[in-house]
Structure formats: structure tokens, C-alpha cells
Amino acid sequence: MIIRGDEPEQIRLLRKLYKKGNYFMQGNEAVAYGALFAGCRFYAGYPITPSSEIAETMAKELPKLGGYYLQMEDEIASIAAMVGASWTGFKVMTATAGPGFSLMQENLGYAVMTETPLVLVDVQRSGPSTGQATKGAQGDFFQARWGTHGDHPIIAVSPTSVEDSFWETVRAFNIAEKLRTPVVVLFDGIIAHARERIRIPDPEEVEVTYRKLPANEEEAKLPFGDPHGDGVPPMPLFGHGYFTHVTGSTHKENGLRDVYTPEVHDRLVRRIHRKIEQNKHVYEKYEEYFTDDAEILVVSWGVTARPSLGAVLKAREEGIKVGLFVPKTVHPFPGERVRELSKKVRAILVPEMNLGQLILEVQRFVNDDVLLKGVNKIGGVPLTVEEILREIRGVA
Amino acid sequence: MAKEIYSTYPMVKYLRKEALPTALCPGCGGGTVLNAFANAVDQLKIDPRDLVVVSGIGCSAWIASPYFLADTLHTTHGRAIAFATGVKVGLPDKKVVVISGDGDLASIGGNHLIHAARRNIDITVILVNNFIYGMTGGQVAPTTPFGARTTTSPYRNIEHPLQISETVAAAGASYVARWTTAHVYQLIESIKKALTVKGFSLVEVISQCPVQFGRRNRMKEPAEMLRWFLKDSVPISKARNMSPEELEGKFVIGELVNRERPEFTEELNKLIDEVQEHFGLREE
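Going down the list, the protein sequences come from chains A and B. FYI, the numbering for the first sequence is 69 to 464, going by my numbering. FYI, the numbering for the second sequence is 1474 to 1757, going by my numbering.
Chain B with its partners taken away, still in its complex shape (with noise of 0.2 Å):
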């Protein structure tokens, strides 16, 4: 059966068709999350070979690591923005995308998620959020909604999840956008969105995990999740007008910025022209 959806999908073209089928479980958003990026890859008309696809640790990090045929960098836990970093400085020119989860990008590389967000390099995230550390059991993650059930907050989760994309527009990011799994069509324009701009864009992805999260939370099917997400998304023009204790426990969605800033690599540049200018150093 798997065989026959690869010769029917019309992304196939996109992706490395000996590393399919996916390691993703049933029901996972995983799979949500890749056709959105093909998609908004093939409406944009991007050639891969203009791609670099950085991604970390985690079920997330496997989204579009090893499946989407690009130059495709998996590193170590936590670290993908800071690599990509590296790769978008040596190659301008071309897209660079970093797709992981929140355990990967906002707790253990929560560091880096800011610190690039703030140079404004011009780098897409697709940040996936599942609440959960899918991979290694089902963990309590710093994105696990207070009170929610995890192998490791068995009783209850007392923390307060982190706001990632509000962190990462306070932190200056040119673009940030959050959206569900269930609003698949304004998910796909947003990375669109995210891919053009110039500049650090995140677009946060809140995404079911049946397996780790939702069993342990009265939500054992993928419908059940999604339906939980439509049922409390607020479109950020209404959260405006909320108070945070009607915010709580909603998902706030929508674009949170788009604007421009001057962007790193570019300013980057820039420098090298003007100190080469300085010390008379063009080329005679």
C-alpha cells in the first residue's frame, strides 16, 4: 500500500524515495508538516538544490530528515539553528531551513532559537510542537501544557509551558507565525511566507502526538487532537482583546509579526565591503 501512495503523491517528486516509507507514527502531524513544507517548496517554485535542510534530535527532527531530497544536515541535539548558522553564512544564496521539534529547538536549544532570532539571520524554522518528548518515552517537555500527564509528570505537570513564538517575535525575529496541524492551507502559507521574508521567520506548528500525548491525556485518536486544536484556537486579531486568564490553555494563531529588519548575513557583507573599502584592499 505504501508503495502505491508514493506513485500517486504528487510531492513524491520531493522527497528521498529510499528512505521511505517514514519512521513517523500512525497519526503523527509529522506527516502534515512535510507535505506543507513540499507543498509550499512546489508553489513557490523552489529548486531543492537550493535547499539546505538542517534538523536536530527527535521525532521532529526526522520530518524532513532524511525524507525531503535536499542537502540535508542532521546534527546533534538541540544545535540545528546554530549549524545552520554556519551553513546560511557560507551559502547565502540559498534557502535554509531548519525543521525540529520543541524539545529539540526550545528547550535543550532554546539558546541558540533566540540568539538567531535576534541577529535576524535570514534562516526559516518550522518549529514543530507536540508538547512532549515523543522519541524517548513521552517525557514532560517545557512546552507540556500545565497539568497534563507525562511519563515524567505522572501525576501532573506543574510547570508553565514556554510561549515560543511570542519569545522568539520579543526576541526579533523578521517573521513569526503559529498555526495548527488542523489548518493545513494557512499553515502551507505561512512557510511560504516564512521562506520569502528576509530575515529569522519561525513558524510554529502545534501538532498531535496520539501515541505519547494524547493517550495519556483522554485524546487517543489523531481526530480527537485535532479537534481539540480547533476547538481552542484563538486568531491572534481576537487574543488582542483577551485578557492572559482567558488566554490560558488557548493556542493563539496566526501571524504574531512580519516586518523587516536589517538582516545578518547580509549586514555581514556589508562589513567585509567596508573594511575591504577602508584599507583599500579591492581588488586593482
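Excised from the complex, chain A in its bound form (with noise of 0.2 Å):
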């Protein structure tokens, strides 16, 4: 089992393997390279492009470290793998496209309701349906958010380059362990298979984290507990002896369903709520270019956060004073800091893939006499330096 104590081994394994130092790889390499980094042992997936490399990465690289590559009759029994073998320690990952990220919706609910720390890396791609199945995209913002039925919390990440996607990765596993919840790698097709330089670390430089196990048999009985007020219940894996049983259904703190005592569903699911909201440390992250002086914002993600900074960049040559906010997790979206770069500037633009989804998220922490606009491109294409560029100096 590989949760702890396997440390040395491990990183005697990664260094013999990954020689730190830099490469020439791909995005979806790098993201399956962070998660061997991360301490993932169990792949489980379903063949789909823009994909499909980080499935083949990690099935070859997986045996060599001892771990497991499964590869599923569809998107739906790879997530439900991923969540047994949750359960029984391991740190687990599946990478998907839109389509089978809608088919993965259901049992991503399940994990966030069990608490099942896993990580889903969803390379998007054009939609809607099978769209441009080749082309990437940034269209599933809100299909992370709000794809799975009732109400739940959900983390979602987004890395910018290949090198980031390698620290993003690895980021989130930290997430799902820290809080013992499923998060999301809202990655895409252009990065995905873009080529760029990307330095492998030594393992002892990757901050690694494992999830919190019972301390004793009490707490062992109470897998959907709060026992350290953190809101996040200690895991009593299973083969322990601990009997413990996972459900779906609304349950106590022992685990035991009740779906009848309203007191028992509020109390669970607030908790769950809760247990994402006190913990804001844990997982907030953006970046920030000349926001300092700025009187133009640029609010970008994803792939597109990078023509944005190269726009910024020739703007700000040009005299222009513009910055630029990148969220980097982006769910839950970090809008305090947006409200309050938007009380100093006087027009928000944003870039991204798709017809207006990260535009919602930042209307609802701008107020009006703020100008809003949205720089939308579809059809596969990122946009451009000079795209970005012509709409900051429209709004100059």
C-alpha cells in the first residue's frame, strides 16, 4: 500500500527513473509525471482524446513504481474504481474529455458526498457533444462546477503551461488528500499536446501530503465525523478492521444511512460545504501581473491566460496601464480578490475559449459602472497575442 511509509523507496524509484532536469514534453506527460510525483499508484481511465497520452504515460509508467493502470469498459466504471481504490489508501487519478467527463458527473457526486479524495483531469475539448472532438476548449468551467446533481462544493484547478500543469497536478492531489475530497484538472486539448520545456524536479523538492487516518478506534467510528473542527473526518480505510461503511445516501457521522431526519442531512451536507470554505488556504491560489496601478483588468484562465499576459505585456509597452488576474483554482472562484482589484479599475476583460462562463463568475463580484466585456473565441483555435491586444486598446 502505498499512502505512507514507502517514502524512501519511492523517492529511490522516482530518482533512478526521472532524472531531475529539463525536458521536452508534452502537456498531458507532464500533468501523468506530476501525478507519479504526487504519490498516484492507481489509474483507472477510459480512452479519449485529447487525452489518451496521459492513460499511456501512466500505463507504462506505472509498473515501474508498483503501481496499478486499469484501463475500464467506460468513463462511468473508471471513476467507480478510482473511489474503491480510494478507500483502500491509494491516491488515485483518471483523465477524460468532455464527453466522458459528463458520463464520470454521477460518481464524482459520490465522491464528494463519501469524502473519496481522487483527482479528475478533464481535458477540454471543443462542444458541445462530440464537437471538435481533436480541437481544445475551455467550455466545461461550469460543467466542473455544476455537473453533478445537488447541492455540492467542488475544487477545480487549471494549469497555464506544460511545466505548470506538472505543479498543478500535484497540487491537487495535495487538495483531495488535505480534505479528503475529489478535485478537478481542468486542463485542455492546447496544452495537452503542446511541447515546451519542462524541468523535472528532484522528488525531494515535491511537497507531498497524505491524507489524515483515524488516530485511534473512536475516530475510526466516525468516518463522516468532525473531530478536529477542520471539518474534514479522518479516513478508516478499508481492510483495517474498522468496519466502516461508505454510502451515498444521507448519513450520520458513523457512516450509517438516515435519510428521514432533515437535521441529519443539513448537518452533513453543510459540513461538507463548510469543510471547503474554512479551509480556503488549503487551495486558493491566482497569480497577479500590474494590478498594482492597473485601470484596465484583464481576468484570464486556462490556456488563455498566456496570450493574455502576452497582450498585457505589449499593452503596458504601449503606455497602457492593464493587468492581469489569473485564478488558478478556479472553483471555488477567488471573487473577494476580484472585488476588490475592481473598485480601483474602470473596464474587466475576459478571455477564454468558449461563449462566457468564467465571465459569470466575475460579474457576480463587479459592480456595474465597472465595464464587463468578454473576449470569446470558439471553433479550436486559441486566441491570439494580437486578439486580446486590439480588445485592451479598445477599452483604453
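Worth flagging that the hints you see were computed from the coordinates, not collected in a lab. There may be inaccurate statements among the hints.
Below, in silico cross-link-like pairs of lysine-lysine (DSS-like), each with a Cα-Cα straight-line distance of 27 Å or less [as the list claims (entries may be wrong)]:
#1 A:K382 - A:K412
#2 A:K132 - B:K1743
#3 A:K132 - A:K84
#4 A:K289 - B:K1743
To spell it out: a stretch of chain A is covered by chain B in this simulated footprint if at least three of its residues, at any positions, have a beta carbon under 8 Å from a beta carbon of chain B; those stretches are [stated by the list, open to error]:
#5 155-165
#6 171-184
#7 314-321
Chain B residues, not near chain A, derived (Cβ > 12 Å throughout) [what the hints assert, rightly or not]:
#8 C1498
#9 P1627
#10 R1629
#11 K1665
#12 T1669
#13 P1717
#14 V1725
#15 L1729
Using N, Cα and C, we set each Cβ at its ideal position, and we do this for glycine too.
Take the two lone chains, each set in its own frame, and fit them into one complex as the hints suggest.
Now the structure itself:
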């Protein structure tokens, strides 16, 4: 079992297999290596463009590290197997794209409700439906947030480059483990297939965290309690004689089903929300460029954050006071910071490869007197520096 | 009265007492299956700490979860075997058992059932086939007999039932047996074998649902349904010499398959050893 105590052996293997230094690789490969360095030793998936290289890399590398690659019969089975393996102590991951992500939504909700750590990489591609299957997009912003049914919190991170996807995947695992929750990596088909320089670190440079296990029998009896006040129950793993009961139905702290008492449902679902709300320090992350004196703000995420930065740099050369805000954790959205920044600017541009999704989150935190404008492109081709620069000039 | 039964019933040591009494209807075959499973565990002297029981959604998913005192994973509709696959890979030395119904495992979850059999992963599936969606109110299932009445086939069922055991046997399972709740001792023996063989094992249990199925098909009393099972059951040895027409509507009982095939988690671990050996990664 690779959850604790195997670190020296795993570090030896990682060092031997992946010498630290610069490599030239795809975003999809970087995600896979990020997962391996974060301690992921179980992958269950189903092939789908443009995510398949993640599965291929995991199938090739996991056995070398003593880990398990399972190709399941569909996406529903993939996430189901991950949940099962997570309850035996594995750090688990799958990767998919829009249509597969849709199929995984029910069990993603199951993972939220049963507080099962897992990492789900959605390599966003152009939809709806089969759409442009090989082309990247940013259309799953709200599928990640609201794809599964019922009131539920969700955490989603979104990398902006090949190197970043290594580190954001590591971060996704650490958040999932710390908060005993599923974490979505909102990746995209463009960075997934782009090849760039990436520095593979020494394993000791990578901060790796593990889920909280029960400290004693008492804690093990309450797999859905809150003994430490942080909203995160210790996870009594299967196979340790705890007789843990796990169900997606509304359950009491001891895990047993109770769907008839309103207070039990209220207490459980609110605690699962509070667990996320009160642990912002674990997951909140954003980047800011030139926001100190900005009169115009660009808010962008994922692959579009790159041409956005290019456009901001060029606009600055032209003397335009423009800044850039990039949420790296996109759900929950760091709206409070956007609210603060919005008070100092007169216009906000939101470039993204969809017809306006992140902009709806921004809108919630911005007053009407600020000009809010989307810069939207669909069709599978990324936004360019020039296209965004033109929009900046237009509001300057 | 319930309390008295639980204090004298020898298998109660395997049950979560705080979850009792069960939610099963009077006359349901689910109790028989739970009893047979507990007896099989008892006779094999399996420590419940070495068991993980996984179930899906529906009446039959409730048979062992939450009532059986082991690690229990009560999952989404149809996906129990897929969840169990992850559990088994993580805990290859434990017995992983799926107990659920026909609608759950053979309809919405049919794909996982045949692929787990194909992989021959060492999971024991006890599939309780009562021909009906009981929990949702008695709707037609892919196992409902041709011509039977249900709430969504109120005039008659025009579809043919899936032959679950035959399908799973064809898909590659190591062990497949079918019994009814009227064959309790044979059922216990088959569950014991299923728990012992290496590889995917299925025990299909034809079970009575007097409330949702029997009531609408002239078998209001559980005993009437059990008599029907006894009357229409054909041992597999006899069935082999019968034509498909003669077998129409009969329950073929007995062991369909008992064979050795490479098992998935063992192969998976063997593969890891080979790869680590090949790349010179074994501990120095």
C-alpha cells in the first residue's frame, strides 16, 4: 500500500527513473509525471481524445513504480474503480475529456458525498457533444462546478503551461488528500498537446501530503465526523477491521444511512460545504501581473492566460495601464480578490475559449459601473496576443 | 419479537445490530440470501475483517449493506462491480463480495458485469434475480419473464429475459452457479465455492418478490412463488438434453461453470514484477 511509510523506496525509484533536469514534453505527459511525483499509484481510465497520452504514460510508468493501471470498460467504471481504490488507501487519478467527464458526473457526486479523495483531469475539448473532438476549448468551466446533481462544493484547478500542469497536478493531489475531497484539473487540449520545456525536479523538492487517518478506534468509528473542527474527518480505510460503512445516501457521522431526519442531511451537507469554505488556505491560488496601478483588468484562466499575459505586456509597452488576474484555483472562484481589484479599474476583459463562462463568476463580484466585456473565441483555435491586445486598446 | 429473533439467531454475530430490523418486505427472498451468505462465511470461517461487501442500488443492494458487519461500500446504481474492482486491486488478499439485484447488476450495470467476468477479477457476485424493479414500485426489468405483468408492462411483457448466468459464463467467469431461494443448502454450498475459487464468480439467486411481482402475477403468497421455483427448476445435467423450446420459462439450476483461468489482480501484480525486473528496479 502506497500511502505512508514507502517514501524512501518511492523516492529511490523516482530518482532512478526520472533524472532531474530539463525535458521537452507534452502537457499530457507533464500531468502524468506530476501525478507520479505526487504519489498516485492507481489509475483507472478510458481512452478519449485529447487526453489519451495521460493514460498511455501512466500505463507505461505506473508498473515501474509498483502502481496499477486499469483500463476500464467506460468512464463510469473508471471513476467507480478509483473511488473503490481510494478507500483502500491509494492516491488515484483518471483523465478524460468533455463527453467522458459528463459520464463521470454521477460518481463525482458520490465522491463528494462520501468524501473520497481523487483527482479527475478533464482535458477540455470543443463541444457540445462530439464537437471538434481533437480541438481544445474551455467550455467545461461550469460542468466542473455544477455537473453533478444536488448542493455540493467542488474544487477545480487549471494549469496554464506544460510546466505548470506538472505542479498543478501535484497541488490537486495535495488538496484532495488534505480535504478528503475530489479535485478536478480543468486542463485543455491545447496545452495537453503542446510541447514545451519542463524541468523535472528531484522528488524531495515536491511537497507531498497524505490524507488524515484515524488516530484511534474512536475516530475510526466516525468516518464522517469532525473530531478536529476543521471539517475534515479522518478516513478509516478498508481492510483495517474498522467495519466502515460508506454510502452515497445521507448518512450520520458513523456512516449509517438516515434519509428521514432533516437535521442529519442538513448537518452532513453543510459540513461538507464548510470543509471547503473554512480551508481556503489549502486551495486558494491566483496570479497577478501589473495589478497595482491597473486601470484595465484582464481576468483569464488556463490556456488563455498565456496570450492574455502577452497582450498585457505589449499594451504596457504602449503605455496602457492594464493588469492581469489569473485564478489557478478556478472553483471556488477567488471572487473577493476580484472584487477588491475591480474597485480600482474602469474596465474588465475576460478572454476565454468559450462563449462566456468565467465571466459569469467575475460578474458576481463586480459593480455595474465597471465595463465588463468578454473576449470569446470558439472553433478550436486559441486566442492570440493580437486579438486580446486589440480588445485592450478598444477600452483604453 | 424482532429482538427475540436477533438474540437467538446464531448468524446475528455477523450483522450490524444497530441497523436491524432490515427494510426488506415480509416474505422477501432477500433474508434467505443474507442468511445463506452469513452461513457460507461462517462455515468457511472467514473473518469478517477480511471481507469487503459492495452493493449498488435497489432492494437487493440492501441485503448485505448495511446489515452485514464488514467494510461495506454502498455505491451508485449499477456500478457496484466497477467500485469493487478498485477495492480488489487495492486489497488483493481480502474477499470482495458484491451482493445486488438483477436491475442493478444486469441492466444498468450489465456492461460492468460482463467485463469483470472477462477480466476474471477475483470478486464474488451474488446476484439476486427477482424479475422486477422492486424498490421503485414493480416496473418491468430485463429479467422479467415473457408475458408477465408489471407496473410498466401492465398488459404483458413483450421482451425476453436476459439469461444472466449463461451470459456471464460466456464472458469468461471462473465460476457460475444458479439456484433459487427454495434451494437454500445448495445455495450455501455454491456461495462457499464462489468465495473460494480464484477468479470471477457469480451466484445467481432466483428470488421471490411477492409484493411487486407475485401480487401482479397470481402469486400473492411467498410460498406460492417458492413452489413455482421448485416446480419449474431444471437441474443443469437434465437441461443439457432439453431443447430451447422445452427450457422456455424454466430455471436451470446448478453449476454452469467451474474452471481455472488466469486471475486479473494476480496477473496485474505479476506484470509489475516483470516490469520492475526488466528495468532493474527491484530493491537494491
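> If you check each hint against the structure, which ones fail?
Replying inline: 4
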